[in-house]
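The listed protein sequences derive, respectively, from chains U and V.
Taken in order, the first sequence gives residues 1 to 771; the numbers are from the working numbering.
Taken in order, the second sequence gives residues 1 to 87; the numbers are from the working numbering.
Bear in mind the hints are in silico, worked out from the structure with no lab data behind them.
Treat the hints with caution; some may be incorrect.
To be verified - Using 20 Å as the maximum straight-line C-alpha spacing, the simulated DMTMM-like pairs for lysine to aspartate or glutamate come out as follows:
| # | chain 1 | residue 1 | chain 2 | residue 2 |
| --- | --- | --- | --- | --- |
| 1 | U | 101 | V | 75 |
| 2 | U | 101 | V | 49 |
| 3 | U | 336 | U | 410 |
| 4 | V | 71 | U | 410 |
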Amino acid sequence: MPIDTRETIVDEGRLPRGRGAAAPAYKVIGTRPIRHDGADKVTGRAVYGNDLQLAGMLHGKVVRSPHAHARIKRIDTSAAEKLPGVHAVVTAADLPDLRDKMADLGEGRVNLAHLGANVLAHQKVLYRGHAVAAVAAVSPHVAEEAARLIQIEYEPLPAVTWVLDAMKPDAPLLHADVYTEDMTGHRTSDQPSNTSKHLLFEEGNIEQGFASADVVVEREFKTASVHQGYIEPHVSTALWNVDGQLTIWTSTQGAFTARQQTAELLQVPISRVKVVPCEIGGGFGGKIPVYLEPVAALLSRKSGRPVKMVMTRAEVFEGTGPTPGSFVRVKLGAQKDGRIVAAQAWLAYDAGAFPGGMIGPGCMCVFACYSVPNYRVEGFDVVLNKPKTAAYRAPGATQAAFAAEQVVDELAEKLGMDPIDLRLKNAACEGTKRVGWPAYPKIGFIETLQTAKNQPHYKTPISGKNRGRGIAAGFWFNIGLKSSASASVNPDGTVTLVEGSTDIGGTRTSVAMQLAETLGIAAEDVKPQVADTDSVGYTDVTGGSRVTFATGMAAYQCGLDIRRQMRERAATLWECEAQEVNFEDGTFRHNGESITFKQLAGRLNETGGPVQGRAAVDPEGPTNGFGVSIVDVEVDPDTGKTTVLRYTVLQDAGKAIHPSYVEGQMQGGTVQGIGWALNEEYFFDDRGRMRNASYLDYRMPTALDLPMIDTVIVEVPNPAHPYGVRGVGETPIVAPPAAVANAIYHATGVRMFELPMSPPKVWAALVKKNV
Amino acid sequence: MAIVYIPTQLRPLTGGIECVVVPGTNLRQVIAALDAAHPGLGARLCGDDGISPGLAVSIDGAFTNRGLLAKVGPDSEIHFLPAIGGG
């Protein structure tokens, strides 16, 4: 008999605001309808960026730096321009002067000069793979040949690729205009520095806290840069029309932010730019920054033709944002009863070639799972000669958890406590103040830990040589931000929903289900469409675990708008006041008469014409996601290879709109976390060149490497969402590296302080232990 | 009166005080009151055109995206923290 590996635990005692004492009886939410885009996806008919073909379309190719750090002395494009079939060549000289310009891109303001210099290098190249020039030609092959004809004279400079090396006073300096700033942007260094940001958070009295501790553990950890590893490389096509209108078809997590970045970089009015989001083959945070869009636009403007640009896999690795590499030192002190009384962390994250990495979230996540009365957390954002980092699922949290959750595990061992009991003893809950932040509202960490402790997996003893079990917890904020939606009622009773969120992970359906629930109709009767930037209101990125939460809230409000209008139509039919009409389960009722939503939709023409709902929301997050991982591993002492035997991931989803998609996010995030734990890393040589820029050499886990990832959804509804949604996409990646590390320790007695815990490193650690 | 939690790196401007109680019905008024009580705070929290780049503001536990015009209640708790995004 097959084992059902899915489970949902509902906290019925804690319901969304205003919903009474009983669990809501949803008709659509919590079911598992077939995804609206499923047929297109499985038949290959869904239109991705590389499927686009336009009349007269040219093909672009980027020329990238072979050096990790060098001054650009001269660029000669004449030979390339003379090659038959070449229509345009661009360099940074074609970009407007963006000095001192800042732009608010929805998730914070960015330095446009840095954004522009990352798109096309200006004066210096700062990492191998940095774009320097681009050509557009009649075919990809002519473009490649032309790219080779562009002559660039470099003056190589010393490079630095490890964060602690980049912080040294004598390190190669990347930018003459970057100084160390504090949290507010106040300059704290007299000289230019690779350390672009210094953060400090303190609460209580850290010295007294450690003095009162019975057990203190302090450890240092390193993590390598890893890539998001999306299957679809970056691809963009631009058409700069003769009327000055620029249209961009692209693979992006946010059409509106791509529009804004492109408009700002090219200094054209935002109304002149339309971005059409194509289907996306993964992003995980890596498809929020623009890379190709402005370059393709410049080439199109110069050539007068549409220009398509597609990255190779090597370009994706070398030219787009990986995660920060990091160094983290964590010190925890606890009393004999397990109460953590002091916590200290020192984190240095690399930002890649330009300032603005993930150090803020790293600092704020490192102890986010626990109530700590005395803490000191210090963080540094450091530039070095690697691609500019980009977000990757809970950006900055995984590195911090890898450190903190191992120290918690060690504390539990020293105290002789069950590791879940120690976490329960200190677990954050409603009212807990966290690093740099206000107190939590209602959260579900304790419920998630309790559910973990009662799992058959946790209760089953692990046996066998070289086998061990690890536990770890993870946190991510989950953000709100802006979403818009509109919906039109069709005469057959279906509803067409137009939204601006790129569909990642089935969000078309999870958003459509919330509209369907609100209207009392079937999920299949909502027809969701992801629209371009001219066809729907402003919508922030698909990121931050926000779409089912925020765009779902927009769909819900759209539904309320439609319900209000439909009630008026029913009142017209029944010659009564709208407030006299009741609506329940998709049916309008008044004085013994009733009409279903579908029936009423067929009578819109006689009651006033079309009905359209619309909503624009800007919910204020965060929604606070917590997860717990339980993993069993076996370590081969001869090779150092770690095999994952069994994995259970638990997470508080608030309310799982479509449980299959929640489980998919939990499994996907866990698998990416296991890859980060065991194999994935950028290998740099001593000249700062990545030596494994292909999937042959950059080892991601496959189905053959892993067991089925068991999922347990915990539901402690978010009171700030009408259906209790918290968002789920990012939290699942946070705990796995620490959980696997703890499992390796309990299997071998060797604690791993560095990611990835690849076979050579584990083997070396085992040899060292046994010497 | 709103309670403003002073970030660690700004506490030298308040003589180490961690919380300041100030009047104001929106963030602009609150920051003006903060600056009057502890000169220099306003310039650190605000740039030429609003809240300093890279800073986020939480009012009563929720991010606000409304900058200096964000409404502040009589018992609101205000935190300044690094902006976060997501993947």
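Verification of the supplied hints:
1. The straight-line distance between the Cα atoms of residue 101 of chain U and residue 75 of chain V is roughly 37 Å, outside the 20 Å bound, and the hint therefore fails.
2. Our distance criterion of 20 Å between C-alpha atoms is met by residue 101 of chain U and residue 49 of chain V, whose separation comes to about 12 Å.
3. Between residue 336 of chain U and residue 410 of chain U the alpha-carbon distance is near 14 Å, which keeps this suggested pair within the 20 Å criterion.
4. The hinted pair formed by residue 71 of chain V and residue 410 of chain U fails the criterion: a straight-line CA distance of about 45 Å is larger than 20 Å.
Violated hints, in rising order: 1 and 4; the structure is consistent with all others.
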